[in-house]
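**Q** Below are the chains, spelled out letter by letter.
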Amino acid sequence: MPSNHISTVALEKAYLKGQHKIPVLRGVEISAKRGEFLSVVGQSGSGKSTLLHLMGLLDSPTVGEVLFNGERIDDLPNKTRDVLRNRVFGFIFQFYHLLPELSVLENVLAPLMIRHPMLTYWKRKRQYKDAAQSILDQVGLGHRLKHRPSELSGGEMQRAAIARALISEPEILLADEPTGNLDTSTGQEIMSLLKKLNDETNLTILMVTHDNAIANQADRIVRLSEGRIETLAEAA
Amino acid sequence: MYKVLLCLRYLRTRYIALASIISVMLGVATMIVVNSVMAGFGTEMRERIHGILADVIIETHSLDGAPDPERQMQLAQQSAGEYIEAMTATVQVYAMLSFEYADRWVTRPIQLIGIDPVTKAKVGPLKESLDSFRTITKDGEVVREPLRSMNEIPGWELTDAGWEYRREWVERKAELERLWQSLPDDPGLRRESPFDDPPPFNDEQSSIEPAGGDAETEAATPPNIGPPEFDAVQTVSNETDAKKTDGNLVQFPETPFDAPPNIETQKNDAEAEGTPDPAALWPARLYIGSGLVEMPVKDPHTGEVRIIRMVNPGDDVAVSTVKSSRPPEAVHFNATVVDVFRSGMSEYDSTLVFCNLEYLQRARGMIDPSGTKSITSIQIKLKDYDQAGEAVARLQQVFSPNYFSIQTWEQKQGPLLAAVEIETAILNVLLFLIIAVAGFGILAIFFMIVVEKTRDIGILKALGASSRGVMSIFLSYGLALGIVGSTVGVGLGLLFVTYINEIEDVLSSIRGRKVFDETVYYFPEIPTVVEPVMVFWVAFGAMIIAVMASILPARRASRLHPVQALRYE
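Quick note, the sequences are listed as chains A and B, same order.
My numbering applies: residue 985 is where the first sequence begins, and numbers increase by one.
My numbering applies: residue 3 is where the second sequence begins, and numbers increase by one.
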């Protein structure tokens, strides 16, 4: 299926708790086309976050494969996985996960700092700062560059996190309950931002949520229950 | 880039980590202070020992010495002349020094060294150690200007102040004598004048026996009349006079050799008439070690320490030693103290007495009938001390090991120097252990910080940071702490060393008594030497320890699983 931007094959994941093996995913097959906005819904403990982590190479599957552009990526050496995480995937989390010591601007620049050696980064500092500035303007945070994350509201923090995910120009955005910690209207603002990005830049978005109202705004919904795909439903 | 940024940010925001490096800082500061002071003491001590011992010393195994110093020095000059700058011949022998103080005779063991001050001064700093050439200070204030200029050639003459003291001494003695004469002729009160009736002398008693003379005097003297030492000293001289005429003992030369002729003539004339001029100097002259004749006395009321001088330049003392005959016979002579010698090494100052070489050779019978003199050692100053090894090797080729031992001053004082070095080494090990303990503090606090930063580590990994990158954040954080700690520590330590004497003053005033007692250590202030290499190694060692302490926490951080780290609350 070369048309699939990212897909999984018979993905299984089990955690060891003492002597017991606790299966979380029991053979998940999921795929997203380039530019698709896919949402994964399911109850707590259904394994949807684990699925996202496996696809974003934050974790390795017990059995199964993760394919990117038709090529297996989950068995790559650590170094390559680090590079893929840095360049191909962008992450957004429920709790924003910004670095508290750094300002908004520095948080956004963090993926570029990680990507480049010090000297290269230093030479292109100006250019990167401008890029970060324009992305922050895009998400509506252009006026709070020097602030610390603790000085921002939840919605602003999530915008900063989105800006950070976008700075490295990823192909796939992995969002883990991006609205889970926000009130409905702020959550809605974030959703429209994501949709706008999806429309304008052909960014593939995989979003995990337990909120049906949020999930329904995606192109397609995958329902996950007890580690298995339940239904494959076309969004309204 | 993010590593540097983060580790600088952590440095600025984690005050608890800064607390952990205070111990590093204090350790570094203490090490620098201790090393500087130890190096200061060591350098000072080496200088003082070196000043007395000269670079290379050729010594005879026997106290009897070896004949003909001129020929031996010529030999040394031939074999190692290109290394040698100056040489001097000396005679060293054990002896006893007797002087009277506080109504009693004080006898002390000494090391008597016959020197020629002119050549000795070329071999090492002699004038610098003599009181008459020195400025005497107390509590930083000049008490007395030098009595002689540094350009003066050291000799065996009294200073003007010494003469004044001696004349006063003679006058007081004469005064006392008149007082005795005026007393009624009552045997209970009348003091036996040793001048009128010298104590009997025989062969068995073949010595001056100042103590015996004193006992006799004491028996007849009311205990609290006048300063009795004058009479007692004169007893000694009187006895010596008796011996001189006896003919059975050492025949002291009648001809002066280094006293100005007028004084000696005066003395000889006086002796010839049977009424010795008490102000005339004895032909034997001494530089006496300050530790032998000075004692610190603490005032019970004020707690102030005063130095009491028991013998001053101008006083007469008695010396007993052995002749170089077989079997060694005791020999005694009177001598006049012309100067006080102060090297700063208490070991030397409390044992060494310098005497005019020729007189000592005569007294010990080291001049044979043909006029050939003997000496026990030759002190050599080298042009360049770094070549001491070669110079010693050359000398060893010509001087037979059966009769001579040839050593550099360091070899001669090896055990003492080694002891100081070992002391410094042990102190360094102990202090470095303190920094190592501080390292464990860093370790513990770093583990805490890693735990606290678990989620951030997960975020960094999600953003593509490698394990190695995460590890280097914490390693460079440790290094940064080490740099801060050792920089501040070095600054603090150097500051302390610079102002150590002021700090000592403050501490002394708080405690109400001297912390660094200059009467004990001889130093007017605490000597310090800051060696840049030492400072570098201390700072470097502290940094290494900080980095090593951060290795374990950094490894732990790098091994954190990103998912678990992200979930961590």
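One or more of the hints may lead you astray.
What the hints assert, rightly or not - Some chain A residues near chain B, calculated using beta-carbon distances under 7 Å:
#1 H1081
#2 A1094
#3 P1095
Note that these hints are calculated values from the structure, not bench results.
Just so you know, these numbers come straight off a predicted model, no measurement behind them.
For glycine and all other residues, C-beta sits at the position ideal for the given N, C-alpha and C.
**Q** With reference to the structure, classify each hint as holding or not holding.
**A** Hint check:
Interface hint at H1081 (chain A): satisfied, since its Cβ lies 5 Å from the closest Cβ of chain B, which is below the 7 Å cut-off. Proximity of A1094 (chain A) to chain B holds as hinted, the smallest CB-CB distance being about 6 Å (cut-off 7 Å). About 5 Å separates the beta-carbon of P1095 (chain A) from the nearest beta-carbon of chain B, less than 7 Å, and the hint is met.
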